[in-house]
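Peer 1: If you want the building blocks of each chain, they are given just below.
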Amino acid sequence: MNTPSFSRRNFLKVTVSAAGGLMVGFTLPTPLQAAMGEAGEINAWLTIDPDNIVSIVTPQTEMGQGAWTSIPMMVAEELDVPWENVRSVRADANRHVNNAELYTTTSTGGSTTVSRRHPYMMQAGASARERLRVAASNRWGVPLDKVVAKQGYLSTEHEEQGMLQGTYGEFAADAVAVTLEKEPTIKAYGDWWLLGTDVKRVDVASKTNGSAVYPIDVTVEGMVYAAVQACPVPEGKLVSFDFEAVKGMPGVIAAVELKQVKDVPAFTDLRSAVAIVAESWFQAKNALAVMPIVWDFGRGATISFESQTAEALSLLAAPGTLVKDEDGNIGKGMDKGVNHDAVPDLLAASTKLVTGEVYSRPFEAHATMMPPCAVADVKADRVDVWTFTQDIGRSLNEVADQLGRDTKAVFLHQTQLGGGFGGGYNMDVHRQAAAISAAVGKPVKVIRSREEDIAQDSQRPPVWGTYKAALGEDGLPVALLTHFVGEEKMPAFAQRGVANLPYLIPNRRHENSLVQNHVPIGYHRAPGANSNGFIVEQMVDELAQAGGWDPLEWRIKLTEGMEPWQRVLQAMKAKSGWTTDMGDGEGMGCAVVESHGTIAGCVATVSVSRRGQIFVDKLQYFINSGYVINPLNAREQAESSAIWELSHAMFGGLQVRDGRIVNTNFDSYPMMRMPDTPPEIEVNLEMSEDQWWGGLGEPTGPPTPPAVANALFYATGTRVRTTPLSKAEL
Amino acid sequence: MAITLNINGQDHTIDADPQMPLLWAIREKAGLSGTKFGCGIAQCGACTVIIDGNAVRSCNTPLATAAGKAIRTIEGLSADNDHPVQKAWQELTVPQCGYCQSGQIMSAVALLEQSPDPTDNEIDKAMAGNICRCGTYTRIRAAIHRAAEMSKT
Ligand code: FES
Ligand code: FES
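Top to bottom, those sequences are chains A and B.
Residue 36 in this note's numbering sits at position 36 of the first sequence, with consecutive numbering throughout.
Residue 148 in this note's numbering sits at position 148 of the second sequence, with consecutive numbering throughout.
Chain B on its own, in the form it takes in the complex (with noise of 0.2 Å):
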């Protein structure tokens, strides 16, 4: 079945099953990779999109719910790598493996956007979601202090 999702502002249509999740779509068939698996069951946030300004878990996410809404992915946050979330997360070196990151990075952003100055209790709530086994939390902790900082100036 054809589906059109809207991703970073383009669109796509996709022949797939409407129950395939979101997460293979972006990757298999959008070609955008920078989205990634790590659970499949809604529990690392490796695979976290924006979709209608929320951090969404893609991988498990059917398809058909995303059809007509904006799906944001770390593609789509700048041109050149410099959003100021990710010029914090480059500034204070906080990708190890770096695998996490994208969707720490999108989880990041959907709080900045709902919540400009966050307090560490906001920061805990909404990057919850989001494992890291590489523990790089303090550094992303203090990352998105720094972005909240540079977006102010």
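Bound-form chain A, shown alone (with noise of 0.2 Å):
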């Protein structure tokens, strides 16, 4: 592919690596697309129709995160188009799927949409506004570096004619017909005159009334409710069910299983699980509550979390495997060079020598308000989906996989999704709806219980670590040894955070171990830095205390030199009023993490009661994720992402027994509530503005609890190394 315009790098990977040499997203359609497409489409991002509205196109979800307005503010930005001019519209999932994913990727999630996905998505609106220059020139006659294109209106100065304008619209169907010689270069930071301002979510007042529309308020002609449920121990199968015994209810028209092809359970894949299926969701229900259901647990009957946790302090008491990435090193980039195979010998012969204990987190489901929920109309010719999803291609590509069925027939729709948090990738539930559907010959919607939600969900994986380091005459760490223990299903998460951690240690080794795991783990908000920041955020406070230093200072000393991390440090020491010194049941802890290339830090301020009741005070967010193009966007997601953690950490906890998870909804499985809230979030924006872009959906999470537990310990003299901490003794 020749594009000699292009030099962000990044920009030119996604285009080669996706498209094979095709310049996906802001070509001309092909015959094809054009005929699918709407008229006065420019691309498949865009159409501008005569009376200068411009429909812009999200190919990713909307979980209130905001790529509903983020997608269409990059496009506008380089379009030029007033805001009130702008329409948020849904991609057509079949389309991409169909059309050599016509939008590059549909997943939404790891706070990507925009750090990652600006260049194309700004490069759509740069290119469909040249080709609006370049039919203005045309048409007018005149060079086209005299034509203008600004807040929608195409304008030049005319030798003959004088002052000549005209709307986007009236140019639409002409741009249409125009190829660029060469595609613009998209806009430098600091050039934006939308990007950067405050503009709020524009499916808000949609839901202030009601009227915003969830896969489970979707309703199709003739439908009918289905209720499921997979083994309560996961990875168990379905041996029989008793449908004579529960046939007669009211309602009730039928019993589905839903059969697992492959041996263990997979997510390409549907788990073994039994539907009933009524007229209403509630019968439905009722009749699968009391049907006898025969079980084969499988071998996760024998697993408990204590049983995991007693497996992985055995695993911690003998040294685990080094952790290398693909070049060999250990950990990822930051660390390469580090020397660790001094480590062991450094440990054993230092004078001053740290010994952790061992910290833990866990097991946390998403628990998104909104139930996993999908409505699937099955027929001879078609099919229709509204599901629970992050990535509508994928989803469509999984439907139509469980039916055998032709991309180019099915046909998945985007609604809002009532939470998403990771939850809405590894998920099942439109392949179980498209089975149910096909199985009944009806429309049907499928609605998990909030106990069969939380029990069958893919989980946050629980993880425990511990450290010993050596320390210099300065009281700084010269050796660090880690060592996390993680599960079988998605390992990498053990290290996240951990092996790339960005104090300038001079020999560190990084150590993992596994435990055995048959419960599904999927992506949650902040994978991995979400639990092992709480692990090694206080590892260091630990370090800094034992060394002599104040742990904030420590920080600041042991990232000297690394731009991103000094500006977010030092604007906690200038701003937050930081102390170690708060008086007895009163402290302040701070903590930073890095994830989806921000760095995040928190500063909390706790107080405890006599009692031992913990109350956080006020949070205080210090985030640099290079650029921000809402930053009131950027601040919902602060506080959001906070509370989110903040819930886990006091009040979460899955409990595993004998294989299975016992609390399974809200009374068992508290969630933060408005009186536990802290009264005060503050969010400080620290951009670097130095040509990298950090994700917003997730950062400030992980840096939480650390915070707040090192809080706890300015309070009390207490170190809690587990959550929820609600439990803690203090």
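If you're looking for bench data, these hints aren't it; they were derived computationally from the structure.
A virtual CB, placed ideally from N, CA and C, is assigned to each residue, including glycine.
Keep in mind that a hint or two might mislead.
As the list claims (entries may be wrong) - Label pairs and their in silico Cβ distance ranges:
| hint | chain 1 | residue 1 | chain 2 | residue 2 | range |
| --- | --- | --- | --- | --- | --- |
| 1 | B | A64 | A | D658 | 37 to 43 Å |
| 2 | B | K152 | A | M562 | 49 to 55 Å |
| 3 | A | V662 | B | P116 | 39 to 45 Å |
Build the complex: two chains, separate frames, hints provided.
Peer 2: If you want it as structure tokens, here you go:
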């Protein structure tokens, strides 16, 4: 591919890798695509109506993080059209999947919608703007450089006719036929007029009157309802069920066995389960609750969180496996060149050895406010699906795979999600709905009960970790050994934020071990870093104390020369009112964790009552994601991630007994509520603006629990090494 | 069995099990989907409606007990999305995923009707039954104060 005008390496990568040379997303539509697209469609990303209303397509799903706003903003920035003229519309998943991934990706996660995708989204806007200019230059017979495109208008100073002006809408039809000799370069930071300003999310109003549509709200003519149950012990299988026993219950239509094809459950398959279909969901759920079902529980029946903890503790007592990246270095990137072989000897010879105790975090569930739900209407020649998903393209492919249908005949419609947090990835509710609809020959709505949701969710994995360090004369570590124990299904999470920790310690060694686990695992807001941050950033406080350092000064010292970290840490020092001495029962703690390319620092102020009750009085955040395109949305996401993680840290923790999750609803798996919420959450955006972009949907989560736990230490002298913190004896 | 429900001033005759939770009658039978299902055990508040002036969890309210009473759902708050609570929610961009917000708004409306200028403590008490997984609590609190202010003028 010849793309001389693209200087941005990541942009080249996206286009080449995803489409093999086709400039996906902003080339002219092929005749097929054009036939499928709307009139006035300049490219797959946008359509301009004659009345100058611009519809901009969102391939990413909306879960409250702002994708349906951020994407149109990025396109509109380059197109140069007033925000009032912009309509945010949904991408057609069928068109995406069947046209070589037309929108590059429909995946929505990892805080990447802006940070990683802005180059090609902005390119789509720039490309359309340039085509409009060419169209105007042709129609007016003036040189291209005399045509100005601004705020929805094209204009020129014509030699004979004077000032000429027209709306984009008047030139849209011409622009469709224009081929550009050279794609324009997207704007540099600072040249923006829309990005960088506070823009309210476009879907807010639909969420104050009940009109926003979630999968659970979709109805199709003739639709019936299904309640599902998979084996309460994950990995277990259905042996038999007695439909006769419940057949006569009101409204009950059918029982459907959901067959697992593979031996071990996989996210490319259905999980062994059974469904009851009825006239109403209440009837389906009631019948399912009393239907006799026999399960083969499988290996999970002997596993509990306690047995996993015991296994982890014995693993921690022996050396683990050295963590290496693909280059054979430990960790990733930052720690290349760090000496890991020298660590055991340095520790053995140390006169100032710090030996950490064991820290841990338990399993957690997503428990999105909308329990997973999907509607499927499987017909002979066409399949329509509405589902809880963070990737409409992937889910469409999964439905096609489940039914053995051509993807061209599968239509997956984007709705609001009712929360996501990673839960919309390893999700099979649309497979279930498709299979059930195919079996009963009617449109079906599957709703998971909250109990089924939490029992069968792809959980956040537990982690156990400890460390040893040798301190030098100056009290700073010369050698560090960490040992983290994760679980077997998604083991990489146990190293995120550990092997790549930023601190300049000359000799480091990171070891890893894994416990047996049958519980499904998935992505949870700031995966890995969410749990590991709790351990690493308390370790740092312990090391600082052992060496006689103020914990914030320690962090500043050991990130010397690293501008993005210094920016955050210096701001914490200057703006938070930092002190480790607040008096009895009160404390301030700090922590800083990088995730998704963003560095987030937290200063927590807590007080502890005489009876040991914890009050988080204030949380202050200092965030560096390089750039921010919508500060308002950045603040909202910062607050949201903070509460998300604080909720788990204060109240969470799934219990696994005899292989099954036992606390499966909000009575036994409590969440943070209004009275528990810190009265003050302050968000400071401390941007480097230096050619790198981080994500903003999750990074304030990871530093929150360790900042609170560190604060608890200064308030009480007690170090809390596991969560939920509310159960700690203080 | 046929039961008549008065929802947002309109009568709906519903043929269903009198023990069926009101939530499912509102959603599936009356076709009003703004009221949400979150837990089914009166723990999350997503299903909150107002019955005779009180915030009630419709997921564990049997249909029969709601017959003949004035039931209000999110759809009945205003025709143009401009109830002071709705306006305050929009102004402070409270909703994120939005799924809990019908319930949050109905709880807030019931609170403000009983206590037009609530203290933070009253807000804590009235809103404690509504979970928000997106963690919008600080904005909800501010928006309740803002709605109280708007209602005064
Ligand atoms: S669904 Fe009624 S309180 Fe949760
Ligand atoms: S806005 Fe998402 S649960 Fe409250």
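Peer 1: Run every hint past the structure and note whether it holds.
Peer 2: Hints versus structure:
1. In this structure, B:A64 and A:D658 meet the distance hint of 37 to 43 Å, their C-beta atoms being roughly 39 Å apart.
2. Taking 49 to 55 Å as the suggested C-beta distance range, the pair B:K152 and A:M562 conforms, at roughly 51 Å.
3. Taken as a hint, the range 39 to 45 Å holds for the pair A:V662 and B:P116, whose Cβ atoms sit roughly 44 Å apart.
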